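K.L.:
Going line by line, the protein sequences match chains C and P.
Oh and the first sequence: position 217 is 217 in the working numbering, straight run, nothing missing.
Oh and the second sequence: position 86 is 86 in the working numbering, straight run, nothing missing.
If you're looking for bench data, these hints aren't it; they were derived computationally from the structure.
Incorrect hints may have been included.
As the list claims (entries may be wrong) - Pairs of lysine-lysine, DSS-like flavour, derived with a Cα cap of 27 Å:
| no. | chain 1 | residue 1 | chain 2 | residue 2 |
| --- | --- | --- | --- | --- |
| 1 | C | K427 | C | K487 |
| 2 | P | K65 | C | K487 |
| 3 | C | K377 | C | K427 |
| 4 | C | K288 | C | K487 |
| 5 | C | K427 | C | K293 |
| 6 | C | K427 | P | K65 |
On a predicted model such as this, the values are computed, not experimentally measured, just so you know.
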Amino acid sequence: MTADLLAGLTAVLQWEVLLFLAVGVVLGAVFGSLPGLTATMGVAVLTPLTFWVSAEQGLAMLLGIYCGAIPAGGIPAILINVPGTPASIATSWDGYALSQKGQAGLALGINALLSAVGQLTSIFFLAVAAFPIASFALRFGPAEYFGLALFGISLMAGVSGERVIKGMLAGMLGLGIATVGLDPMTAYPRYTFGQSEFLDGISFVPVMIGLFGLAEVLIQISDRWGKLDQAPSKLGRIWPAWMEWKRMLPSTFTGAGIGTFVGAVPAAGGDIGSVIAWEQARRLSRNKEAFGKGSLEGLAASCSSCNGAIGGAMTTMLTLGIPGDAVSAVLIGALLIHGIQPGPLLFRDHRAFVFSIVFLMAFASVVMMVVGLLGAKPLARALRIPSPWLWAGIVMFGAIGSYALNNAVVDVWAMFVAGVVGFLLRKADVPLGPLVLGLILGPMMESNLRRALILSRGDWLGTLTSSSIVVFFMVATILSLLLPLLKKRRAG
Amino acid sequence: MSRPESRVRSRTDLVVGGLFLVLGVYLTVSATALPADSGGLPGAGFFPRIIGLVTVLLSSALLLKALRGSSASAFVLSHGRVIGGVVGLTFVYLLLWGTGFFTLRTFVFLVLFLRFLVQSWRASLTVAAVLTAAIAAAFQYGLRVSLE
């Protein structure tokens, strides 16, 4: 273990890797701080660029973007009441109120510092919990993996909020797209329409670039064009006073803990985590009425929780191969480009690489904290860049990046179609998270079910009750499908 | 909620439910052309058929909900002409992919894209030139991707 840890650290402490990390953090800060550009979009659009470098260098840049964009998303949330990324929605509730009171600098300082605390807490969780989870998951056979994938897909209902049916339909669309190409067991072509380009299936990364790049640009044009406020020109002090630290400490760790836990739930990212943590911190606070009106505790909970979700999401993604949020879904694609399959075997065969990921994330958190503290003013100024300039760049980098992955025009069209469909779905209030889950978990679910049935010689009941782990996943699946419906009925 | 607004919302879910119903029926029917089983075990058509059937069930539920008027989402599209223009422009740019003159094509596309978004000629030309140069430097010369 120690040798792997040192090997992981040595691989990270190369100047090229650290340079990629620093570039990633700065890019992430830019992506996060500009409304309309999100962490998912940044990672999706720039993933193709990592194709030409080593896995450590590529991951350094993408993790830098991830760890940079989420805290930076709090900057426009605080200054102009527009969350830079969906995860920072709760940050705007108290951050913007503080900004209105002339304490924008303090809110930005708290955002930078406590985002790092949230990230480092969750990265510690990743370092401690991932290896035991992965070694437990090594016991999984095809039936257990089928159960896990089915449970992951059943969470589509839970993460769709009020839109349970639409969320599940989006998931079905993802599962349907995942069936395109050669059948994983018999190599029989499905939905290829006689085109050889479709035999390998629809490329995942271009679809993600379309869903989170082009679609987001179209959403921005429709919803936000010309509606942004001006950022305040004076920020004031950035560093919190000692008494303020003391007051924020409990809600910071409550937020980090809740964020990590929620982040680990498949498809439930920082946006859900931060709202839950903010509400929990409000319940526990002696000063409940200040929440939403510039409460430091509320800001602390939201900043630490949306960043805490990062480590949680990465834990699920690395140990089980199931994305914790949209960014980690794109990161699965990035890892696959480098021939690395996330899942328990990663922890057996590439232990040093896992430690490299942990160190890269920890370094990125610290670098982003420094960037957030020193760069608050320049990043606030970046809010003045006209959005159309950024949109043009996103569309172009998205199209060329999709093509560059395989030098295939069909990938560019996949990006375009995914972008337009993603836009229309979002406008029709259909959540995209379940679609991504279906896309990723579809092949895992199908091939493992069929493998399990081969092993049990077609005995369905025997397959679905073959071990206590499978039974657990079946019960969890039923509960996760029923609970949102029961909750809705009770509320109605 | 006013009555016209409620009608718009129901109509959105009707359209969404209808489209997914078509998709579900297509998946179910087309899956019959795929081998349903191989050696007594599920074949290539098994999974698409299940997906198709579940999609039909869920979309029917959504349609039913929309017909009852209890759906709660509306399709609100602002700047529709601009979005249509941007999508159309991107479509044309992709159609011309591989016809040569990558740098010129990209520059012209970006200028038109920015003009569509009401940027001044000066800003459009400058930003398009910078972006084209950045893309060519990154992909053509840096990563040696053949874009012609």
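K.L.:
Each hint needs a verdict: does it hold in this structure or not?
P.N.:
Hint-by-hint comparison with the structure:
1. Using a Cα cut-off of 27 Å, the hinted pair C:K427 and C:K487 holds, with the two alpha carbons roughly 26 Å apart.
2. Among the hinted pairs, P:K65 with C:K487 is consistent with the structure: their alpha-carbon atoms are about 18 Å apart, no more than 27 Å.
3. Our distance criterion of 27 Å between C-alpha atoms is broken by C:K377 and C:K427, whose separation comes to about 34 Å.
4. Between the alpha carbons of C:K288 and C:K487 the distance comes to roughly 26 Å, so the proposed pair stays at or under 27 Å and holds.
5. Distance check on the hinted pair: C:K427 and C:K293 sit about 31 Å apart at the alpha-carbon level, beyond 27 Å; violated.
6. A distance of roughly 19 Å separates the Cα atoms of C:K427 and P:K65; the hinted pair therefore holds under the 27 Å criterion.
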